[in-house]
Structure formats: structure tokens, C-alpha cells
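Protein chains in written order, with our numbering: chain A, 229 to 644; chain B, 229 to 644; chain C, 229 to 644; chain D, 229 to 644.
Derived by calculation from the structure, the hints in this document are not laboratory data.
Hints are supplied without guarantee of correctness; some may be wrong.
Same chains, same label: a pair holds when it works inside one copy or across any pair of copies.
EDC-like cross-link-like pairs, simulated, lysine to aspartate or glutamate; straight-line CA separation at most 20 angstroms [to be verified]:
1. 321 with 445
2. 558 with 449
3. 629 with 617
4. 391 with 524
5. 558 with 445
6. 589 with 560
7. 606 with 524
8. 321 with 594
9. 621 with 279
10. 282 with 362
11. 391 with 458
12. 626 with 324
13. 606 with 445
14. 327 with 372
15. 321 with 596
4 protein chains.
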Amino acid sequence: MPPILHYATLLSALGLSVVHAMDNGLAITPQMGWNTWNHFGCGISQDIVVDAAKALVANNLTQFGYEYVLMDDCWHADSRDPDTGAPRADPTKFPDGIKGVADQIHALGLKFGIYSDAGMYTCGGKFGSLGFEEIDAKTYAEWEIDYLKYDNCFNEGRSGTPKISFDRYANMSNALNATGRPILFSLCNWGEDGPWNFAPTIANSWRISGDIMDSFDRFDERCPCTSVIDCTYAGFHCAMTRIIDFAAPVLQKARKGAWNDLDIMEVGQGGMNFDEYVTHFTFWSMLKSPLILGMDLTNMSNETLSIITNDAVIALNQDDAGSPANRMWKRDVSDGGNLQLWQGSLVNNTFVIALLNTSPKEQTVEVDFYDAFFDQGKAYQQMSWQLSDLWQKDSQGKWGKNIGTFQGSMKVTIGT
Amino acid sequence: MPPILHYATLLSALGLSVVHAMDNGLAITPQMGWNTWNHFGCGISQDIVVDAAKALVANNLTQFGYEYVLMDDCWHADSRDPDTGAPRADPTKFPDGIKGVADQIHALGLKFGIYSDAGMYTCGGKFGSLGFEEIDAKTYAEWEIDYLKYDNCFNEGRSGTPKISFDRYANMSNALNATGRPILFSLCNWGEDGPWNFAPTIANSWRISGDIMDSFDRFDERCPCTSVIDCTYAGFHCAMTRIIDFAAPVLQKARKGAWNDLDIMEVGQGGMNFDEYVTHFTFWSMLKSPLILGMDLTNMSNETLSIITNDAVIALNQDDAGSPANRMWKRDVSDGGNLQLWQGSLVNNTFVIALLNTSPKEQTVEVDFYDAFFDQGKAYQQMSWQLSDLWQKDSQGKWGKNIGTFQGSMKVTIGT
Amino acid sequence: MPPILHYATLLSALGLSVVHAMDNGLAITPQMGWNTWNHFGCGISQDIVVDAAKALVANNLTQFGYEYVLMDDCWHADSRDPDTGAPRADPTKFPDGIKGVADQIHALGLKFGIYSDAGMYTCGGKFGSLGFEEIDAKTYAEWEIDYLKYDNCFNEGRSGTPKISFDRYANMSNALNATGRPILFSLCNWGEDGPWNFAPTIANSWRISGDIMDSFDRFDERCPCTSVIDCTYAGFHCAMTRIIDFAAPVLQKARKGAWNDLDIMEVGQGGMNFDEYVTHFTFWSMLKSPLILGMDLTNMSNETLSIITNDAVIALNQDDAGSPANRMWKRDVSDGGNLQLWQGSLVNNTFVIALLNTSPKEQTVEVDFYDAFFDQGKAYQQMSWQLSDLWQKDSQGKWGKNIGTFQGSMKVTIGT
Amino acid sequence: MPPILHYATLLSALGLSVVHAMDNGLAITPQMGWNTWNHFGCGISQDIVVDAAKALVANNLTQFGYEYVLMDDCWHADSRDPDTGAPRADPTKFPDGIKGVADQIHALGLKFGIYSDAGMYTCGGKFGSLGFEEIDAKTYAEWEIDYLKYDNCFNEGRSGTPKISFDRYANMSNALNATGRPILFSLCNWGEDGPWNFAPTIANSWRISGDIMDSFDRFDERCPCTSVIDCTYAGFHCAMTRIIDFAAPVLQKARKGAWNDLDIMEVGQGGMNFDEYVTHFTFWSMLKSPLILGMDLTNMSNETLSIITNDAVIALNQDDAGSPANRMWKRDVSDGGNLQLWQGSLVNNTFVIALLNTSPKEQTVEVDFYDAFFDQGKAYQQMSWQLSDLWQKDSQGKWGKNIGTFQGSMKVTIGT
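One chain only, chain A, in its complex shape:
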């Protein structure tokens, strides 16, 4: 059920955006990197983290913008330091300590992230940071951490209004800023209380839903909400295209330095086919999600590598306009599932459109430029457009093949 994607290059200027977000100057474009969770879960160690960092470099991923190595849950010792209350790493799994790992990551030219939780315990049952924000932020800075993913388990009921959630997360945001070290703050409260509304001034990104599942569209009861705007139980096991559905209404709340996080990608994990992972990567890019890889970097297929290194698609994500694509329509298909038209604005007079087919059959659709350029108005709707397919290479081997000029509409056939 893959989409066909097209670029449209033409005359149009976009306005400038100014950063009004958390005051750390980070994530002016969505952050890119790798995280331990999707592949390794709680079974992490110093070797796993450092080996992944080395593989990131060895695969030349840094040249595509991937720079953060993120160590998720379960790095912790059984308890905090009994004297100081400071966090400690598991001494067996991390013999060099977190600072030692950070040094090795930094020596590779990469940045290093850590994980904690705005609650009594982390989701994996380790000590949380609720009530320990200052000493934790201070310790992270001493360890030369560059990034904090901050989760929501065991939060002692401190949710229910945007104010309650804001206050809980602002405590850590302020503590991080107070360290003087720029630490990217990745808020992860699964969309509770609407972080797209309350978080832009205190975080560089915020998760919008329950955790992703490595599936194109399977419904799973553990991800029960039908929308994120009034979801009181985010759950987990959310299929990839369900997260796209979740994102649709809130995308426009993103801005430079403050992004909607659609969760770590599943590309290369095995639960979807090649075309589905192409769709996954394209939409995460177009919708301005952080691009965080989740597969085993030390054991990647060439197919996987080809997807995550499509620099034309990455450019959609890192485009300086910082403008997420919008869903222009979503239409049920009689075969089941639906078709969707998405469009996004880019700098330098370019736009991107994408069609998504979640039905079980191939679909042919006539894309009316009235819909594609509804936001831009008549002049754009009537122009002729040169189309570039971002998933084909041109004669010089660069992603983005010119496939002709279209006016008024274009006919597209989308596989399954």
C-alpha cells in the first residue's frame, strides 16, 4: 500500500518564519538521529550505544544530517546516589559511566541524548525525574548530554488540564535552560492535554500520540483513540498510517524550534514492506517530524539504507520554510481504506504533493490542482507545473526525476 510521490517546482515565494520556541536555539529544523528503543527496548548497554554511533558514521549517515545518538530507557542503576540524590547509570552495563559514553559519542562528531520521565518511575520501572528536575538537569549537563527525551509514565495523576501538564514539563525545561548548556528538550507525553498548544514555548518537540507499532495500518486496541485532540488514553501499538491520521489536524502548530514528533521511525524493522517504509519515511519528512531512526544500525539492508539516505526527501524535512504539509482531502474507497492528497509549501518557489493509498487495491486518481493549491489560490491553481518524482533518480543519479509538465490536473496511479 505505497504512495506515489511527486514534486512540483514552480514560481512562488514563501514568507519567513521566526523562531518562537524554547529558548535554546536548537532544532531550527527537525532533529535527526537514532534511538535505542525500537530495536533494543530495555536491553541496552554501553556497547550497543557506542556501536550504533560508530555504525552511524560508518554508513555516512552524518552527511545526510543524522547527528543525535539517543539512549532511551533503562540506562539507570537501581537507585539514585543515596548521598546526593543524583542519577546514576547501571555500572555493569555502562562501565565508563554516561560521561564516558558521551565522550566517545562526541569523539565521533555526534551528539548524545539521554532519557528520563516526568514521573516517579520511568516506563521501564527505573527512577523518574519528578521532583528531581534540578539535580537531573545539572547532572545531564555535567555528563555533556545534548538531548533529553522526557516521558510520562507514573506521573502521579499530574495531568488533566493543559496547565497541570505544562507546569510539570516546564519544571524540567527551566532546569535544562538553567544549566547553561543547550540541551534539546524532546517532550514525550503522548499528546495528553494538547502539547501542540502548551509546549511550543518549553520544548523543541512533543510526541502527539501513543507509541508507534511496526505496521502499515493494522488497528490495535491498545491504541484506542480515534483522534488526538480529545484523547485521554494514548496507549501504544499505533500503526504508521494511524499516526498520520492523528497528526493531520495539529500539524500547523509546529514552528521552527518546536515540532510535532510522530515517534521513532520503524523503517528497516521488518514489519512493513519496502514501499510502505518509503511512505513512512516520506510522510515523516513532509510532516516535519523529527527523523529518528530506530532499526539496528549495525545490520541494515541496502534497501533500508536507500530509503533513509534519499536526500531529496530529507530536504523536505529540513526545508527552511519549516512548514508541515497539509491533508487537502481524504476520501473513502469502496474497496476499504482511503485515498489522501497532501500538499506542502517549501522555500524557493517549490511545493510538494503526495498521495496516500490505504486501500487494498491499486487506485487511479485525477488530482485537481484546485485542491492541491487550494491554500495558494487561483493563480497557482491555473499555472502549469513541472513535476519531479522524488523516488526516481535523474540522469545524473540524483533523487528527483523530471516527469513532465502539468496544468489543471494530473492523473496518478497508486499501488497497494
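Chain A is already provided as a structure; the job is to place chains B, C and D on it using the hints.
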């Protein structure tokens, strides 16, 4: 998809209403004027504002009741005055300062409005008023401002219960009252937490939904709620007839000095046809929304001018009874869309009824006076009524042509 | 669309209930009386109130249990006493003052109620009691008031969680108790924040929905919620059978001294026919709503009088078990509307069942005693039952005619 | 409408879980025992409680794990001790006092539980513990109580956000911990404000819904919510399979020492047939609910005894992995009702699957192992599995008969 509208003039007395609203004596009838946002967005300047004011006068719009010139977002300097914390205008775009612009507006016999936001930043990313209510209100009064539109972006999570929202907006309401200058307070929190319930004592009007889009009825995912009474994400890009749907249940919360604001009108902006704009203007009038123009006043068509100067329709809005029309029924049409019957009570024994057709085809409907006068009871249902069509002119060239007398029911054909 | 009602008299004992409600010893059974609002609205005066009281006596309604004369909104002077802050009546409309009216009501052997609002203004725009609870309660006690209806308009955003609403209403409850005079406290917040959960310890009754409309089943957009358990905008103009739907899930929260209030009755007001008013009165009785009349007592038809004086039906309401009837099933009818089976437990081994038909056609239904006695179990389901029709008179002219004995099921035909 | 249940024994290792719950070391597996409420309601006494305890022993139920005897509501005297404020038992019904009953229970080798309410009154109208948490916990410890069920009636509006509910229940949790006596804390707020989110650190279990009704699937209006994740009125009379529906999305919030409580079981109460009770018991086990019996222990049928002593099914509940089963799919059936596939992970490389049929007819379904092992991935989906039917006995008379080996899928016929 335009409606046909009819007036019914006959015998009936309405009770008196008393003002119980924000204590500034303003907006006894819904405010009328013009706002920069819909046409100019963030690209405003002193010249744009003053030229619009001159055009308002030159087009004789003042004689129809339009009196406020409203300068929306992006008038701001990069920062507040570092010494006093007072707000400052962009010195390049507003060389005479806001006070200078106000003087020019006042010299034209008009009133002048400004914009700010009950948050850390405005929606356009300028400095907001949260925590600066007193100095901002004081400065506005010194600048001789007559009107404040007060927005909701970047509000630091201060929403989620009516109490939290009330407190945040009451801070500015009290600050405005404390200046001693009557400043119309136009609350704009997009309907969050039910301003129709909490705002009548602290504001002269309140927005009920996400921002309007210049479209008759297109569904747009960025305006995701299906109702405003439990909407937690108002969004924007709300089509004109969707806002009418949104307004239907809450209309009766309006009263003299305290109005539901259906947003700046799109009449003359180009996204709807003549009949659709006639519908737009008629419903904004009947439903007692503030009548705030949004097109480029310096470049209006005669068609546009003819709509916004229909004094018989404006009289519906400014009628002394202050009673918004009610939707008596809404019926799905097999062609798609629906038909709606609206009725409103006016002073001097008159009523207004209107039919709205959102289906793609012409519809003929028999309006039963049992429905039209359900609220008034049997005597009114059985009376004979003289009908006056407000969008035709009589023999003397005045809007409102007598089109006959009807009893029990009347048959109406409504175009598309 | 009237129901047919049947009594079943047989062997069964019910447990005792104990009062755990507001600590004033009142409303051990639902209160009965008359209120000015439905017929007179804001147009009340001393004469209207006293004349109604006299008519209540003259029509012998006191012998059926009607004892409260309730003066609703708009008795107020323009302002409180400027020196003491105490409430004052309109001196023109109430020349003898409220105390004078109370004396006249008491002299007739009746009890007297007043109205105020837990907000800045009453719904009719008079001064409210928010922040004046103590002086108001004290003044009411000095006036020898016996009953307070306490409304919810202009509440300054003080709603949104049960805690916020509880605190606001508890202020008046405590103030009333502190006077030492037993004053029945009739909470009227239209069901916001679930008074069936938070109010039983602070009030004798609580409204569950927006105001009633004198219609059997007309849908009105001004009463927009589909359920009261998560309604954030109660509105008004709620048809009679919609209020029955609203009540169904929350009925069991009632107990002695603490009742669900389905609003003032519309019986005799003219918007429904005889059978519909019979249904209205029967359900208000069975569902243990306060029985508050709302028509013009000085100008009642014999039909109206015959409904409100059916002592067998009133006995359902005042039954010592204090147990509201339950809806055992609700089934859509292909003609539109639905059929409903209700059953209630009474003292002395008796039960009541009622069928409600909201479809436009006569319906015949076989009532299975498995359903009627689902709560009581197999023994009751299999017993034979003597049926008594409460809307027919027996040979001695008493309401309740024996119509035979049934076992297992009974066939009923219900008119429209 | 009974399910057929199958065990699959094969190669698979599960990770270890660590306890992160209320700090009392209890309920590492779900608690098992008996409660007075479902059979005796408010009509309890010392004899009833002690006789039940003796019957528990006499029926050898202790060897299956049942160890708690739980005395629910209505053990109370009319009032607290007027001097000390301490709780007191009804001296007539409990002549030996609660401590005396506890001694007798303990002498039988059992543990003893009591009931109170986080409100002004208990649901049965006795004195509640709100504001009396410390003296009540202290008294319970003095009485040598081992378990507290803590209800939610008359809570003075102290709900509406997770924070408000957490604080109210944490008061008792902290008071119990402060006694030094390990007392299992069974939170019963009917799922309000999401205890699966806020309660794991303060309680050993939490109810998720309104009270159970002794029915397989009858819809009852008194249990009105369609989901527990946004239910504001839990009600009661919830049919058994509706509670299974309610549990589905929140099951994964359970962990060792902190369980979702699906309510006291109705097995043996008479409202369902044998197969339905088998389903009931199996699902309560698989879903890791506390297994609390509710029938009259002194008068049990052999059928009932055979259900509650199926040690293979109990082992699902007490399995050391502590992992609730998940619903893999739920499919509507054209005959009405639906079919459901459930799967759970156990220790020692075993899994459990169960099919549930709520339709009125026998259904045959092909279970695809892709679905059954979706969470485990391809290797498990393709393995061959040895199946053991937990409701048949093997040749040695032990529950769990080997019924063959299956690969890829298996066909199952499920009765009604």
C-alpha cells in the same frame, strides 16, 4: 449555493433587554468596522491602516455604521521597551507610532483598535501580553485606543477549565477598565472552555471557533471539531457555513454589550460568489455577530459594496432587541448538504426568516409557519404575514420589497 | 403519544432507605408546589404570587401535597441595599416586601420559595448571589423563606470540574444551614459537572438538564447535548421526552432528601395534548422528580386539574421507598421514534410499570415479565400479577382500576 | 455463549518484570478471595463473615490460592466514636467487634479485609473516611486488617482531573503505609479520571468500571458509558462481557503489585449458565483481574466449585509473568454480537489464546496464527504449536488436555 431570504413584517411586541455585560457601556449593538488581518495578514504598516480608514470614509461606509478601524497582529517592534516593559510599535512600519496613527484615525471621525494576545507571544510571534496586562492596557489608553482584540496563542497551558480561561482574560478586562478609557474588549480564544458561558461579564464579544476561511462550505481538516460546545482544538480554515453550524447552539448566550463573534467577514475576498457572500453577510447580521469587514477597502467591486451597504440587512444586526435568530430546523437533502430554516425576533412587531441551502442543487421547500413561529405559539402561527424581501429594492430604491401576504405556510425556491 | 400505565400489586418487600443528604431534614419525598417561571417568566409581582397561592388553596391542591409557592427570577430591585449589601425586592412590584408576601403565603398554610443565582447576575439580569451567600441566606431567613432555587447564569467561569461547582454551591448550602432555618435547597446548574455525583450532600434536589420546553418530543438545537453525563452546554428548550432520555442513566443517584429535578412541569400550558400531559405527569412522578406545577393556577381547565390531582400517580412520587423507576429497555420503531419499558419498586410489595411510545403510530407490544422484573429475579418473573390501571377509576371512583391478572407477559396497545 | 479455550505450549522466553507499585509488597500476583457484597449486599453480620471464612476452608479453596475474606459495606455503627472519632462496628451485628472477627478469620489461616469510602458517606450510607484517613487506617491496623476496599460515593465533587482523584486516594494510601502494617489497598473509584494512569504507585488494584451485573451481555442503561477511557458516569449494572470490552484498551497498565480490577465475580450467582460462568472465570484470570468470589460459599453447587477450582485457569491469573492477555481482534457477526480473539504471554515459553463468541449462534472461525502471534513476530507465527484445552482434563484427571499440534492456523467452533 446561495439562500433566498425573506422578511416578515407583522404584529408582535418583544420584551426589553437590559445590559449585563462588561462594565464599559460599549457594543450595545454589535460593533461594526474593518480589520487588517483577512486581507493583509502580518504585512501591515501605518499606510495600510490609514489608507483603509480613508477608504472607509470615502466609500461612505460610516453612514452605515462601520466605525472601527482594527489593526490586527504584527504592528509590534521586536521587543518591549527594555526600561519600562511597555509595548512598542515597529518604528519602520509605523513611523508616527501608534499614537500618531490613532490621531489620524480619530481625525477621520473613526475609532481605532489594536491587537494583542493572552500568551507569551502573539500568533504571529510578536511579544504577547500575558503577565503584562496592566502596562499594556495603560499604554493602549495613552495611545487613545478604542478597541482591543485579544488572542490566545502561546498561552502556556492556561486553559482547560472555564475558570482558568476566565482568570487569564479577566486580568486584561480588569486592566482595561482600570484605565478609565472605554475600550471595547474583543476576546478571541476560539471558543475554548466556552466563552459564551464565562465571558459575558468580562468582554464585549468573544470568538466562538477557529479562524474563518474564504469558502462557502469546504471541509478542511485544519478546523477539525464537529461542534464548538466540546471542542478542544479549534484550529483554523473554518468554512463560512461551518461557522453558522458552530454558532447554532450558543447563539442565545449573546446579550446587549456581549456578542458571539463569528470572525471577520470574507465578503469581497474572492473565494465565494456573489450569492454566497450575500448569504454570509445576511447570516452574520441575523446572528448578531460583530460586522467586521476584511477585504481591501481601497479596491472594492461595486458588487461587494452593494452587499455591505444593504441597510435593511444591517438593521437586522443593529436591531434594538438584540436577539439572535434561531435555527428552527436543519434537514439533510438527498443531493447532499442540507436545508435550514432560521427565524429571528426584531423590535416593532417584526420578524425575520431565512432559508439556507448548502446542497448542490436548487431546492423548493414549503415553510410551515408552525415551525417559523414555534417560539411565538399558535396565534402567530395562524396569522397572515406581509413579506418583504430584503435583497430586492422597493419602488423607491430602498432595500426590502413587499412580495405579498402569506398565511400558514409559504413556498420558497432556493438556488444553489 | 401517550403511554398506558399499569400497576402491579403482589408479594415483595423492599429494604429501608436512610437519609444521607443535606442536613436540613427536608424533601424526604420529592417536594411539590408551583413556580412562577413557566407561565409568567420575568413578569411577576406580589399580586401574581399571592393570587397563585390563593388559587392553590381554592383548588384544594394542598390536600394532594402541593405546598410550596415558588417565586422565580425577577423579584429584585435594581440593586442591593447600598449600605448593607442585602438583597432588596422591586418596591413597585412588591409593595409589601418579600417578608410581607411570605406572611400572606404562610397565612394560607403554604410555604414560600425564592430564587437566586450562583453568579454575578441572575439569568434575568438581576443581581446574583456569588460572593453574597451569607448576607443573602441571612436575609432569606429573616424573610422567613422556606425554599431557595439557585441558578447558574453568569458564573464567572466557576465550573469545569465537580470540585469547582461543588465549592460554589456548597457556599450557599452552608450559608443556608447556618441560618438555623430549614430552607429547602434546590440546586439548578443544569447538570453541569454532574450534580447527581457532587450535590447529594449539599442540596435537596438538582436540575439535570437545560430548561424544559412545552413540547412532547420536538428536537430543538438550543438543547444540543445528546446525553447529560458529558454535556458541557445544557442550553434550554428541551422537549419533555428528551428530559426523560436525559434522566435515564442518572436516576439511581437520587435518595431521600436528594432528588433529580426534571424541571418545572408544563402540564396545562398548551403545547401538548391531554395524553401527552398524562405521560408528562406520570413520568415526573415515577422518576421521583420534584412535582412543581408551572401553569396559570388561576385559569386551569378541568382536564388539567384532573391530571395533577391523580392521587394514585402522586403516590408513586411520594412513595416511602424513594426509589426512581428504571428504563428496562428502549427499542427503535420502524415508524420512527421508539418504545420504552419502565419499572419501579414501591413499598408494600408493589411495583409500577409504564410503557412509553414516542413513535407517530399506535404500537402493540408484548411485555415480557423477564424484562419487567429483571432486577428482582426469577421468582418475580414467574409470579402472577394483579394489574391496576392508574389512569382509570375503580367502581368507587378512585384512581386505579383492577384490569386483571397476568403471568409471564402481557400484551399492551399504546396510542399515539 | 461460551468460549472455547486453548493453551499453546512452545519455545519462548519472556522478560522479567520488576515491581513498581504501592510500596507494601502485596499482590505480586492478583489477589484471590471472597467478598460479601454480591450475595449479601448490606445485610451482613459477624456470622455471615465467619461462616463464609469457614466454608472457604471447608471447600479447600485455600489450596487454590483464595485467601482473603472481604467484608464489604455496612459493617458500621451509626456513627464514629464521639470522643475519638475512630470508626466503630455495628455492635448488634458484630458483637465481637471487628478485631474479634479478624481474630477468628486469622485463626482459620485466612486474611481479612474491610471496606470504606473516600467520601462523606459510604455507598450504603454509613460514615465515610474522607478527612478521617489517618485515624481510620490506624484503627484498621489495630484491628489487624489485611486489605482495604476503598469506594467513591459522596465524594464532595473531589474528582474531575487525575490530580484531584490521585490526591484524595493517596491520602489513604499514605495513611495505610504509615501504619507499618502491610494492608492491600484496593482502590474502587469505578475508573473515574483513569486510575490505570494515576493509581499504580498508590494502590494494589483499581476498579475500572461501574459494578458488575450477573448477566452475560444484557445492555443496561444504568451502565451508560461505551468506553472507560473517557467515561464520566460509570454507573452500575454492567454485564460481564461489557466489562471485558471496557478492560481491553487499559489492560497493559497493570503490573506486579498493581492490577486492573474487573470487579467481584458473579460465578455461581445464578444469572448466567455454566458455559457463561466458565467464560467469566477464564477471562478474569487471563486479564489479570483479582479473583474475588461473590456467591454464597455456604451453598455452592458442584458446577460452581468445578469452575472456581480449575487450577490450570487459575495459573493463568497467578502466572509469574504478570502479563494480561490482549484482544487481537474483535469482529462483528451478521447474527448480532461479535467474535473476539485474545492472546496472552506466560512464563516458561507458553501462551494462552481464547475465543469469545457473544453472538446468539454457534460460530466456526479459522484462527490465523499471524493474528495470534502478531506481537511475537514471524518466527512464532510460523512455528507449530501443541495445543492444550484448559477446560478438558487429561488422562490423569488434571485440567489441560492435549488436543493436537497446529501450524499456521487452526479451526475452532464456538458454541452459544
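For this session: Hint by hint, work out which the structure violates, then give me just those numbers in ascending order.
Result: 1, 4, 8, 9, 10, 12 and 15
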